[in-house]
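Engineer: Chain residues, written in single-letter form:
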Amino acid sequence: MDKQRAKAMGRGGGRWPALVENLRRRIAEIEDGRRPAGCAVVSSGCAALDRLLPSGGFRRGSLVEWLSRAGAGAETLAMILARKACQQGGALVVIDRRGEFYPPAAVRLGIEPARLLVVQPSGGADELWALDQSLRASGVAAAMAWLERLGSHDFRRLQLAAESRRVLGLLIRPGQARSEPSWADVRLQVEPLPSASAAGRRVRIDLLRSRRGIARGTVELEINEQAHPVHLVARLAGAAAPARAARA
Amino acid sequence: MRLHGRRIDLSQEIVVLHETYRGSRRVAACSLAARGRGVAVGMTVSEAATILGEREPAPKNQRWRLAAHDPLADRQALERLGVWCHRFSPLVGLDGTAEPDGLLADVTGVARFFGGEEVLADRILGPFTRRGIPVRIGLADTVGAAWAAARYFESGGRDGESGKRKGEGRPVAIIPPGQTGAALDPMPLEALRLSAGVLDLLEQLGVRRIGELALLPRADFNARFGPELLQAWDRATGRLDEPISALPLPWRFEAEQFFEFPTDRRLALEAALEQLVGRVAGMAALAGRGALRIDGCFDCQNAGRVRFNVGLFRPTASAGHLFALLRMRLQRLALPGKVEMVRVEITETARLENGQAELFQTAASEREERLPELVDRLASRLGRGAILGVSLRAEAQPELAYDYAPLVGANRARRGSRPATRDLPPRPLRLLPHPIELQAAAVMPDGPPLDFLLWGDRQRVAKAWGPERIETGWWRGSPALRDYYRVETIAGNRFWLFRRRTDGQWFLHGLFG
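In order, the protein sequences belong to chains A and B.
Just so we're on the same page, the working numbering is the position in the first sequence counted from 1, plus 9.
Just so we're on the same page, the working numbering is the position in the second sequence counted from 1, plus 805.
This is chain A alone, in the form it adopts within the complex (with noise of 0.2 Å):
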């Protein structure tokens, strides 16, 4: 018995270890906050973006924020990933408070108008609120807005109202933002880079914070809008040449 057992930890598959691990899993779950396990992962389709996330993507049911300066190509970013996250079903929800998204970009970017549903509201209050119900909404993929400013309070609740759901938030926010306190799953940081060509333009990614863990690290990346649909190819450090992989 004992030497069964054993040589079952010893090869590393047996019955506790398997109960170990899933004690690990229940106790990250918890430190996780309340939400459930198996959350799926909306992948960015680029595996180095992909790896610089403690999840090894962006999961859905968070928030994922997005510091950069106006022109830099955060919103491009998080609209490749609305539409990676709109890819299993459900709606696009763009709250638009400045009147300025102009959704043909969004369709030049891949999303379909049909899944597209954009608020308008007046006012700062209205706009927390409706991004609020659109992240405890069931039928949304992914919710977009752009939040100037967004105290601490605010910032809990639509946190606490992203985990309700399986709705990724993308908060699009100023680099001044990056003083203040998050309670968003992911920190990225986008600084736009010169590029080569028109439809290639380059980006550094910045992990600033992760809730997961204390991982940080830099990635640049090309859009290839040339493609369809438009998407992210990892640029190689230092490489003198932009380094472009073959489509998938």
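Incorrect hints may have been included.
Unchecked claim - Derived coverage of chain B by chain A (criterion: at least 3 residues anywhere in the stretch with Cβ under 8 Å from a Cβ of chain A; other residues may be distant): (1) 983 to 993; (2) 1180 to 1186; (3) 1293 to 1301.
Unchecked claim - Now the in silico label distances, taken between C-beta atoms and shown as ranges: (4) A:Arg187 - B:Pro1250: 40 to 46 Å; (5) A:Pro26 - B:Pro1231: 38 to 44 Å; (6) B:Pro1231 - A:Gln96: 20 to 26 Å.
These are calculated hints, taken from the structure and not from any lab test.
Beta carbons are placed, not taken as given, at the ideal position from N, Cα and C, and that holds for glycine.
Got chain A sorted already, so can you dock chain B onto it with the hints?
Structural biologist: Here is chain B on its own, set in the frame of chain A:
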């Protein structure tokens, strides 16, 4: 069967309705007062005018009126009255003549709820009199007898002792149960709703009253007068059944609640609202309808009525969903006083496609199915104009390349031809509703700018792609003549600029965020 028919006539004013018959205008109908002056149906309008002492009525002259006869409008008005009369009887119909001028209602067993047939007749009479619609009510065992009683009982009932009559001017004629034959006998034959031909024939035979029909050999009736006479007679006396073709009731899903003690406690109001919504949703579900719009009001003490409404994205009969929407509406409603009464009505409905399947739904379809609830919730707080669906249009001018349409209460058949994703030109995700004027410097008058000032910073252009020349047709009113450039600054930020070709002014129009 206890029935009553009603007849509308104007006894005070002289009113003549005309119709065009074989090229001449003839009197189609006239008021009692006109008839009293000698006007008869069928005479020409000029004849009637001579009798009434004037050629044509002047428009300001109130002595008599002439109007075109509109049988369809009459019928529709009568139907509206009929719908209203459903409060007295579950079965109301128009009388079966070609141009109905009365309503039939089956009040079998209904009278005792009102405290007797006399009281019921008074209850019907009251609202009509107040509205200035003179009516006569006949109540009898059969449709035919009631019809006759409403029209001919006064003349016929003078020598018949059977009819009870309270007061001289009261236009109610009730033939007690079992006395139909006796009441009908002294009435003129017109009371049987016979056609002019049959009436003429009977007149030639010297038959004037219904009772005299019994003297004729019944077996010969069909041969001599056609089936009409026998059928009408039998129906009036009850030997034959006569159905009432019921007026369809329009769908109405409404409920109201009065508060014995007016309240402004939100909790109490919400509880009342929830109950009412449950009731109307139940009614709608029973009829297979889903609510598209729900209207309600609070009657506040000394402060009038506060109305509210909620529109829906997709018809639903789910009480929980409707209540959640109304509650949100209620939370934003200012009530000026204590509420005495709450009323809720579903005012727009659509057929429920496949019920409100709340159970046994697969996960995938649930994800799609639950979206309408979000749309409704958002629209009820932000307004229906704030929740928008997108459709693309093949338009060159960027502002016109897409359409927003409210998702709530809109017809969703707006799948037009849309440009293929592949063919869409590169466009920024953020387009400024009002392009920002820029101070920019370009090397060549037709080339891209070298740098520009934006938000106080000098942006040095490293790369530029363009121009993309966009012109809009003169038919759009203010034509746009623009050369667009996609520019990348030295830092790598991308902007969408254009130069107005009329004066060379640079604008920032979009951000490639």
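Engineer: Next, verify each hint and record whether it holds.
Structural biologist: How the hints compare with the structure:
no.: 1; hint: 983 to 993; result: violated (count 0)
no.: 2; hint: 1180 to 1186; result: holds (count 4)
no.: 3; hint: 1293 to 1301; result: holds (count 8)
no.: 4; hint: A:Arg187 - B:Pro1250: 40 to 46 Å; result: holds, 42 Å
no.: 5; hint: A:Pro26 - B:Pro1231: 38 to 44 Å; result: violated, 53 Å
no.: 6; hint: B:Pro1231 - A:Gln96: 20 to 26 Å; result: holds, 23 Å
Taken one by one, the earlier hints fail for this structure at numbers 1 and 5, listed in ascending order.
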